[in-house]
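Enquirer: Sequences are here, hints too, so could you generate the full structure?
Read off the chains here:
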Amino acid sequence: MNIFLLQLKKSPRAIIGLSVLLLWVFIAFAGPSMTTRSYTHMDMEYQMAAPGEGGHTLGTDALGRDVLSRIVYGSRSILTIALMTSLFSSIAGIIIGFTAGYFGGLVDTIFLRIMDILMAIPPLVLAMVILGILGNSTILSLTIIVSIAYTPATARVARGALLTCASNEYVDAARIRGESHFYIMFIEILPNTIGPVLVEITARFAYSIMMIASLGFLGVGLQPPTPDWGMMVIENKSIIRTAPWTVLYPSLSIASLVIAISLFSDFISKVMIHEE
Amino acid sequence: MDFLERFLKRLGFMVLTMVAMSMLIFFLVEIMPGDVAQTILGQAATEESVAALRESMGLDDPIHVRYLRWAGGFVQGDLGQSIYMRGVEISSIFWRRVGHSMLLAFTAFIFYVPVSILMGILAGVKAGKTADSVISFVGLATMALPEFVSGIILITIFSVYLEIFPIASLIPIGQTIWGNLNILVLPALSITIVMFGYVSRMQRSSMIGVMSSDYIRAATLKGMPRRYVIFRHALKNALLPTITIIGMNMGWLFGGLIVVETLFGFPGLGSLTLSAIKTRDIPLIEACVLFITFIFVFSTFITDMAYAFLNPKIRFKQGEV
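Here the protein sequences come in this chain order: A and B. Mapping of the first sequence onto the numbering used here: position 134 corresponds to residue 1104, and the numbering continues sequentially without gaps. Mapping of the second sequence onto the numbering used here: position 313 corresponds to residue 459, and the numbering continues sequentially without gaps.
Hints may be right or wrong, so weigh each one.
[To be verified] Coverage of chain B stretches by chain A, computed from C-beta distances (three or more under 8 Å per stretch; other residues unrestricted):
#, region
1, 216-223
2, 273-287
3, 301-308
In case anyone wonders, no lab produced these hints; they're calculated from the structure. Think of the CB as a built atom: it goes at the ideal place given N, C-alpha and C, for glycine as much as any other residue.
Expert: Laid out in C-alpha cells, this is it:
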C-alpha cells in the first residue's frame, strides 16, 4: 500500500484521474441533499434557460427541468450500475475462466470455443437487443445484462492470469497436501493473480460507464423520469442549436468520468506490471 | 501449419460460429415475451383471426422447423418480411442501409487507420518524450469515450458554431448518398476519435518492442539513416499486431456505428437495428443482428488470413504461431 501511494505521488495523471473520480463519487453521495431543486420539476417560467438564468446554474432543458440537478441525480445510477457491472462480470469471469484454465484439456477447449463464438457479437449489440426486447430496464436488469455481455472478455483475462500462476510450486505443494480444487483455485492462486484482476476490474469500470451511457443514449437504459446522462443527450439533441448546454453538460460529465477512470486504470496497470 | 490447412480450419470455424450465432439469436428472440400474430393484428383482434394468422405464418410449427425455415431462407438471400412495415420484404430496404453503413465504416477507416498508425509510430519512436506523452494521453483519454460524446463535441464545434457540416445526416428524398458525401464527415470523425486510442496505443507498444530488438540496433550501428531504419526495417514487424487489432475491432466498429448513426440520424444498418428493436420487429432484429455478427466473423477470418500471409513464419511453414 505504501508503494502504491509513493507511485501515486509521482504520477500527476493518476492524481487527476483519482481526484475527478472521487469528486463524482462525492457528488453522487452528497449531491442530491445539496441541490434544492427536484430533477423532475418543470420550471414553466424558465424553459431552455441559459446557464445562470433564474438560479439554474447549468440552465434548463426544453421542459424547464434543471440540468444541474438532473446531472447530479444521474451520477448515482451510472456509478452504481457501472461499479456493480465491473464487479459482477469480473467475479463471473474469474469463476468461469479459472475453472477452464485449471482443469484444462477438453473443458478448456470447449470453453475457448464457446467464448470465441460469444465474442462474435459486439457486447453493446447483445445488451441492446436483450434490453430492448425486455423493455422497461431497471438498475437490476441493466446490471445483469451488461455483466453477461462482458463476461466472455473477463473470463479470458482470468484464464490467462491463472495459467501464468498454475505451474508455480506452491500450487503443486497444495495439491500434494491434498487440498481441494476449490481451495487451490481460490485460496492459493487467486491472491497471486490480484494484479491482473485489479487491472481488469478498473478497465472494465471505464467500459461499463461507456456501455451504460450508450445504452441510455439508445433509449434502452433507465426509463424516464429517472435522469440518465446518455438519455439527456438524445432527448435534447434536437435543440442543440438553441440550447447547447442541455447536451453539452451531460456529455462533458460522461467524458470527465470516463477519462478519469481511464487515467487511474492506466496507473493501476503500470504499478501492477512493475511490481511483478 | 500449412497455409491451406489453416485457411480451411478457419473457414470451418467461421461457418460453425455463424450457425451457433444464428441459433442463439433465433432462440433468444424466441423466448422473449410477445406474440407475433397478436402484434401484427393489434390488441383488438379476435382469437380466431390471431389463430388463423399463426396458422398461415407457420408459427405453430415445432421450433426446429421454424429455425430451419428461417435459416434456410437466410442462406438463399430471403430475409423475411418486416412486421412493423406490414409485410414489406426486408431485403428491399436492408441492402441499401448496409451499403450506407459500409460507406461510413470505410470513410472512418481511411481517417483513423493512417492517423493512428502514424501517431503510434511517432509515440513509439519518441517514447518518454513530450510528443509521446501528448499522443499517449489523448489515446488513453478517448479510448473508453462513448461515440456520442465525441460526436456531440464535434457537432457543437463544427455544426453549431462554425456551421461547416450538417447536424443531421439526412439524404433529401430522391437523392442518393453520393451527392451528399459531406454527411459522412462528422460521423466518421466521431468514430475516428474513439478508435484512435486503441490503434495508436497498440502501434506504440509494438514499435517500442521492435525498436529495442537486436536487428534494429544492428541497422542503426551500421550507420543507416534513422528514417530508413524506422520505415523499412522496424515497421514491417511492428505493423503485424496493429493489423490484428484493426481487424478484430471491426465488429466493435459496427457496435459503435449504431450509436453514431442514431446521433446523426444516419440512414444505415445501425439506426435500422435500433428502430427494429424499438418497434419490436422480430424478423428485422434477427436479420440486422445476424448480419452484424457475420461482418465481425468475416473480418476476423480475413484478418487471420492476412496475418498468416504477412507472417513469414507461417507462410514458409516454419513451426506454428
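Enquirer: Using C-beta distances, would you say chain A covers the region 216-223 of chain B, given that this needs three or more residues below 8 Å?
Expert: This one is violated; 0 residues, fewer than the three required, reach chain A with a Cβ under 8 Å.
Enquirer: Go check the region 273-287 of chain B versus chain A for me, would you? Three or more residues, Cβ under 8 Å, otherwise it fails.
Expert: holds (count 3)
Enquirer: Verify this for me: three or more residues of the region 301-308 of chain B with a beta carbon less than 8 Å from a beta carbon of chain A.
Expert: holds (count 4)
Of the numbered hints given earlier, the model fails hint 1 alone.
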